[in-house]
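Student: Following the hints, position chain B against chain A.
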Amino acid sequence: MNRQLLNRTLDDLAPAQGEIPTWEDVLDRAGIEGLVSTRRPLWKRSWVIALAVLVAVLVPLAAIGSQENWWFLDNGSPKPGMPRPVSAILEVKSGSWSGHDWQLAAYRTFVHRGGTGPGIEGVCYSSQVDHGRGGTGACTPIPSQLPGVSSESSAPNSISFFGGPFNTRRGATDKTGYVFGMVPGNVTDVNIHFKDGRATDAPTFAAPEALGASVRFFGVELSEYGLFLSISKLVGLNGQGEIAACTAINRPKPSATCS
Amino acid sequence: MRPSSASLAAIERVYGTKASGFLRLALATTGNIERARDALQEGFAGAIRSRETFRGTGSIEGWLARCVLNAARDRCSPADLNGDARSTEGSFEPSNDTSRTVVRGAIMQLPRRQREAVFLRYYLDLDYRSIAEALGIEQGTVSATLHVAKKALAEVLQEVER
Numbered sequence: 001m002n003r004q005l006l007n008r009t010l011d012d013l014a015p016a017q018g019e020i021p022t023w024e025d026v027l028d029r030a031g032i033e034g035l036v037s038t039r040r041p042l043w044k045r046s047w048v049i050a051l052a053v054l055v056a057v058l059v060p061l062a063a064i065g066s067q068e069n070w071w072f073l074d075n076g077s078p079k080p081g082m083p084r085p086v087s088a089i090l091e092v093k094s095g096s097w098s099g100h101d102w103q104l105a106a107y108r109t110f111v112h113r114g115g116t117g118p119g120i121e122g123v124c125y126s127s128q129v130d131h132g133r134g135g136t137g138a139c140t141p142i143p144s145q146l147p148g149v150s151s152e153s154s155a156p157n158s159i160s161f162f163g164g165p166f167n168t169r170r171g172a173t174d175k176t177g178y179v180f181g182m183v184p185g186n187v188t189d190v191n192i193h194f195k196d197g198r199a200t201d202a203p204t205f206a207a208p209e210a211l212g213a214s215v216r217f218f219g220v221e222l223s224e225y226g227l228f229l230s231i232s233k234l235v236g237l238n239g240q241g242e243i244a245a246c247t248a249i250n251r252p253k254p255s256a257t258c259s
Numbered sequence: 260m261r262p263s264s265a266s267l268a269a270i271e272r273v274y275g276t277k278a279s280g281f282l283r284l285a286l287a288t289t290g291n292i293e294r295a296r297d298a299l300q301e302g303f304a305g306a307i308r309s310r311e312t313f314r315g316t317g318s319i320e321g322w323l324a325r326c327v328l329n330a331a332r333d334r335c336s337p338a339d340l341n342g343d344a345r346s347t348e349g350s351f352e353p354s355n356d357t358s359r360t361v362v363r364g365a366i367m368q369l370p371r372r373q374r375e376a377v378f379l380r381y382y383l384d385l386d387y388r389s390i391a392e393a394l395g396i397e398q399g400t401v402s403a404t405l406h407v408a409k410k411a412l413a414e415v416l417q418e419v420e421r
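Protein sequences appear in the order of chains A and B. Quick note on this note's numbering: the first sequence kicks off at 1 and runs consecutively. Quick note on this note's numbering: the second sequence kicks off at 260 and runs consecutively.
By construction, these hints were calculated from the structure, which means they are not laboratory data. Every residue, glycine too, gets a C-beta built ideally from N, C-alpha and C. Hints are supplied without guarantee of correctness; some may be wrong.
Label pairs and their in silico Cβ distance ranges [what the hints assert, rightly or not]:
1) Asp196(A) with Lys410(B): 49 to 59 Å
2) Arg198(A) with Asn329(B): 32 to 42 Å
3) Ser94(A) with Gly317(B): 25 to 35 Å
So that you can see chain A by itself, here it is in the shape it has in the complex (with noise of 0.2 Å):
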């Protein structure tokens, strides 16, 4: 048997993902109450500790150049589901909200799909707060700016988001949070709906030169954490004020359009 045509096949019919469903996602499914309070904290989930030690290593590794210490490299391989990185990890912003200081590091990724199909272009983008306490981050692909949106989180001008708790020690009272994302290049504002119907505006900046992607950024500070939960759509706006990119946000059943 042809194995290596058959594994193809197999690669094809479910590539691995860089956005995987987050562990409070699934607890927050099972209705696992006080999950801000109860679950383990941030900084001893396994990834989270990768991804607090990548943005921990940011300057050295990008100073050297080396990539062989990157958390998502496993014995020199990466990570299942975890895109290689081809670039330098760059650090977009840097601010502090409510007395928590964050970062927002970027670095471009290739994903090989195999065979002779041209690969991905993608954006790996992470959070560090309060100097490697706490941090999340997204890989996706580079979105693209294309007239009219759709409600589809697939779609090549959807726009990809995460978030996070700024304290994330057991019981604490502190329940600011933020919201991270990233836009197509041409959206200049990103209107945050919630399902209650209130929204927040978060005005995008720019992305490193360095990382050669037509895209900007994002981030707002959340008075509460569960707001990130309740986040019904993200609809960014170009100069003109017109639609250019949305993300309505259906799970676990449907509560919002793109159109």
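Tutor: Frame of chain A, contents of chain B only:
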């Protein structure tokens, strides 16, 4: 009886190390990334909710695979099983490689148990005991099931190579 936290921790450990493989299993089963993510979450959420029913006599990975498979099957339509109604997210563009299209068709035309056994073996690298747990069959049946599936695929692959 309150479930032990160790059970939840064990499930989280499996999720932490193999979520990508479980997502691929769900994707191969549903043919749609959104439904696959939904099935992954619901499969694990269902496992958490019913974790008291896991007696610990079998493999927890196999039991979790069964949960995800059940959730994925619930999200399938016959059209999905043809593998054509796929999302374009990530690297989901249909292959224009004729050989792989033929082989993919052969995989999807396998009887469900054989197809799922192949998926469990490939995407999750499960051993026979875990595959048996996932499919609810005897361990001894797994070997025969995989053998028949591989034989059927080998015939197609030989045709493709001619």
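Student: Evaluate each hint against the coordinates.
Tutor: Now for the hints, and whether the structure bears them out:
no., hint, result
1, Asp196(A) with Lys410(B): 49 to 59 Å, "57 Å, holds"
2, Arg198(A) with Asn329(B): 32 to 42 Å, "37 Å, holds"
3, Ser94(A) with Gly317(B): 25 to 35 Å, "49 Å, violated"
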